[in-house]
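Engineer: As given, the protein sequences belong to chains A, B and C, one line each in that order. Here the numbering used here = 1-based position in the first sequence + 463. Here the numbering used here = 1-based position in the second sequence + 13. Here the numbering used here = 1-based position in the third sequence + 646.
No wet-lab data here; the hints were simulated from the structure. Built from N, CA and C at the ideal position, the CB exists for glycine as well. Wrong hints could be hidden among the right ones.
To be verified - Label pairs and their in silico Cβ distance ranges:
no., chain 1, residue 1, chain 2, residue 2, range
1, B, Arg-16, A, Lys-658, 38 to 44 angstroms
2, A, Lys-658, B, Arg-20, 33 to 39 angstroms
3, A, Val-496, B, Arg-263, 39 to 45 angstroms
4, A, Val-496, B, Thr-210, 51 to 57 angstroms
5, B, Arg-16, A, Asn-614, 46 to 52 angstroms
6, B, Leu-27, C, Thr-667, 55 to 61 angstroms
7, B, Val-165, A, Ala-574, 50 to 56 angstroms
8, A, Gln-650, C, Pro-917, 30 to 36 angstroms
9, A, Leu-514, B, Arg-20, 56 to 62 angstroms
Said to hold, decoys possible - Just so you have them, the derived chain C footprint on chain B, three or more residues with Cβ under 8 angstroms:
no., stretch
10, 206–219
11, 233–247
12, 312–321
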Amino acid sequence: MTNSVAFTTVVDDIDDEALDDAFKKRLGFGFWVAISWLGLVSLAALLAPWLPIADPNEIANGAPRDGILGDNFMGTDALGRDVFARTIWGARISLGVGFLGILLGIVVGGAIGIAAGYFKGLTDQVISFVVFSLLSFPSLVLALLITASLNRSFLTVAMTLGIVGIAPISRLARATTIQFAEREFVQAARVIGAKSRRIIIKELLPNVLVPMGALTLLGMGISIVAEGGLAFLGLSVEGEAISWGKSIVDGSQTRDLNQNSHVAFVPIFAMFLTVMALNFAGDRIREYTDVRETAF
Amino acid sequence: MARFIARRVVQLILVLLSVTFIAFGALNFLGDPLVNIVGPLAAIDYCDEVEAGLREDSYTSINNSRGDCEIIGEAKADFGLDKPVIQRYFTWLGNIITGDLGTSFQTQLPVSEIIAQKLPKSLMLMVMAQIIALAVAIPIGVYSAYRAGRAVDRATSVASFGLLSIPNFALGVIVLQFFALRNQWLPASFDDTSIGTRIHSLILPATVLGLGIAATYQRLLRTDLLTTLQEDFVHMARAKGMTDRHIMTRHALRPSLFSLITVFGVSTGALIGGSLVIEGIFSIPGIGSEIVTAVVRDDFPVVLGSVVVIATGFVVINFFVDLLYTWLDPRVRAS
Amino acid sequence: MPDPQLTVEDLYVRFPTSRGTVEAVNGVNFTLEKGQMLGIVGESGSGKSVTAKTLMNLLPRTAEVDGNIIFEGDDVRAVAKERRKHFWGVKMTMVFQDPMTSLNPVKRCGEQITETLRYHLGDDKATAKKKAIDLLEQVGVPEPSKRVDQYPHELSGGLRQRVVIAMALACEPSLLIADEPTTAVDVTVQKRLLDLLDGLRRDRGMSMILITHDLGVARGRCDDVAVMYGGRLVERAPTETLFADSRHPYTEALLRTIPRIDQPSHTRLEPIAGRPPELIDPAEECAFAPRCRYAQPDCLGTIPPVGGVRGQHEFACFHPANTDRGRQALDANLAAGQTVTGLQIQANAGVN
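Put together the whole structure using the sequences plus the hints.
Structural biologist: Here it is, written out as structure tokens:
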């Protein structure tokens, strides 16, 4: 067999290696489109109070159940509230709990996973067992158990999403750590008598963080979706606070969905584009840094 | 084989212990079932203090009637809530071993009866969703690997990427709006009249769940197939002049099913508990809806019973997945 | 004289990649008479495997192929386009180098033989199984009726390669291409397998192309040997001629890498200096020049055309070994201590 010739595939297909090579060199156009969309949504969310949009909670801002491109840009809901304004304000909480949630998941899950992967032995066995147990719960049931009895503020919802992420993230962190802990440079550090803490911080962390970067994006998408799931169970952020999940639930009441479907579809579309952008950007970064395993 | 099963049984027991302990702990730490049994009485704390001898029950003596503390005390004794958490956990565990899952705080019905009534609906939804997922994903996955890089493959890659980015509740809402409300082609909610109506009314929710899983399956199968297609035995089969169809289905498919089977196990395990959200959207009275209600009402026995069922299902399904591996690859059988 | 069974004319195979075009095969010509055995010898990247895969229509879709391949009157490339049934596997077939990976790990050995029979010849299950057992017996697999129900991982490497051979021979092909059929098995098993293949070929009047990096394997079995280097056929001759009187410096160098029975056993084997040629956008020069002890300025100007006696002893070299021109070139280089490409050479190394 020749080494230089790529016999990558057989039954009538493409020489994928050539494509992969082209991809690996740069992140690609699609990546930047995705990042731009995420930037735009984040900016709109941050600046919502100062944007020239309607008050999202003002009842009868327009005629109730007004369609898209009527008096209100994206129409109004059953109470005459402006759908466009509500979607932008919804981004604040959806992106907020998504980001905060995954951050918590990564910090705690990452720390647990690195500890398990690095120290091995009993530490690893105990952690792995708890993680396995947690994974035997469907994630929403777990979220349900946590949120049900709490007052559901922005922070508790974010925390719930974070806790749900801990188990799968720690599994990824553990796998990555084990993979790197075997490498020469970590072994070398051990041989010259470096302290565990120093090895973890100086040698392992930077390497484990790279795949974690891709995970932040992918996991944020999952958290945003999970907030929507909680909203359907009536367990998202309480009160007047607006999230995409809550907006979708609002628009999903049979009468609204039938005659006034944009109330649900506009936030669905916003969530879809955002999650897709996160998935796409995350996938690209993962391929870019070449990490095979996924936690989810 | 016997050792394999024995190991699995031990694993199942350990997982059940740990899962129920976590659930038990979370419920007790975060909620008080008394509130839901006797209603949200401010008197609970008050009576706790009376019981602890910290104050006298002036309320009862003043009104000279059956006071709240008495009601609360009775309720506590009835449901065994006057004992410490750990003791209650082990009592519950002992009952489970004898097959007694307890009685609902809310409806006073045996938990096993509730589960027996709700679980089949969720299982039916799960089975239908998996059938749809496999029926969609396997042919498309095989064809997209066969035509890798060509138009059909690119189109399906985009489609499955899109599907993966749609949360299932969003797809549920869209499908509900289009197929059930606007066009009334299919029912919007569960109809328990007969087996036929059950299947008919589960088509939409099963499709929603199935398509989401199908996207994952398709991607995994395509990737694994592309790896398999580089194997020498595929070259060999071509050199033997076998048709492409024969090579794809008879040679390449089976060794390429491992990732798909793994995810099949995980998703089946997850769906045993029903899909909480989809059951809600399509008004399916399955075990998912039941858990949601039970958790909100702090109906401990129902929540714990359901969690036991789900976790058992998860472990058992993964046991069968391991058996499937050995069927897929005779080399696993040997080792 | 009738047409040869197989004629390959001006075969070019290129693979466009992101780093440039890989020119894997560059204008290869050869013929094969019915019942003959041709050895194609070369190192990794020489284009020998790509040539075989082109014959078998096993190249990836991105490969650009040019040239004519005529097999028993059929234009093979046209057949490939029509995807004609019952051509490969029936008329022409191939065995690969690694028996560990050539067999599908999840199918029983018997099934892998019978599927060919059932598809191409329309045999029913029982007939096909009986034939499979017969075939396994012919290739020297002990207890064949037991083996058909076994999985490949239950067999040793040597046995597996025998199963692969049985698989390839099932439909009695008239040409068998064997791509390094013995590199992956034990040395002790190698000779027995090669003798088996040779015997089967003679019994069946089958032609064979043996692809190998080892000239020693070709010796005594092949009628003709073609040596490939950098995607080109650099020398082709009847086996004995090639061994006794090689022309191309690369062949000469290859010969020095194998132990010879007519030399004292402690004779040093000479590795070939330098690295295999670059296949991506190669320069217009003799590909072997950078590693050649005979290299002269004219070797770098153009690619040497194939010369010699057509159909007898062909070679592509301006300064062939064992000729006056070659000796002059070598003497000049020895005197200078290095060749035109800067390769350091010494007088004592390798007087043929």
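Engineer: Does each hint fit the structure? Answer for all of them.
Structural biologist: Status of the hints after comparison with the structure:
1. In this structure, Arg-16/B and Lys-658/A meet the distance hint of 38 to 44 angstroms, their C-beta atoms being roughly 41 angstroms apart.
2. Distance hint check for Lys-658/A and Arg-20/B: the Cβ-Cβ separation is about 38 angstroms, which falls inside the suggested range of 33 to 39 angstroms.
3. A beta carbon spacing of about 42 angstroms between Val-496/A and Arg-263/B agrees with the range 39 to 45 angstroms that was offered as a hint.
4. A hinted range of 51 to 57 angstroms for the beta carbons of Val-496/A and Thr-210/B is inconsistent with their spacing of about 46 angstroms.
5. Here the CB-CB span from Arg-16/B to Asn-614/A is close to 50 angstroms, well matched to the stated 46 to 52 angstroms.
6. One distance hint, 55 to 61 angstroms for the beta-carbon pair Leu-27/B and Thr-667/C, holds here, with the actual separation near 59 angstroms.
7. A hinted range of 50 to 56 angstroms for the beta carbons of Val-165/B and Ala-574/A is inconsistent with their spacing of about 45 angstroms.
8. At about 34 angstroms, the CB distance of Gln-650/A to Pro-917/C agrees with the hint of 30 to 36 angstroms.
9. About 59 angstroms separates the C-beta atoms of Leu-514/A and Arg-20/B, a value consistent with the hinted range of 56 to 62 angstroms.
10. Coverage of a stretch by a chain is defined here by at least three residues with a beta carbon nearer than 8 angstroms to that chain's beta carbons; for the stretch 206–219 of chain B and chain C the count is 0, and the condition is violated.
11. Closer than 8 angstroms: that is the beta-carbon criterion, and the stretch 233–247 of chain B has 3 residues meeting it against chain C, so the requirement of 3 holds.
12. By the rule of at least three residues with a Cβ nearer than 8 angstroms to a Cβ of chain C, the coverage given for the stretch 312–321 of chain B is violated, with 0 such residues.
Hints 4, 7, 10 and 12 from the list above are not met by this structure, while the remaining hints are.
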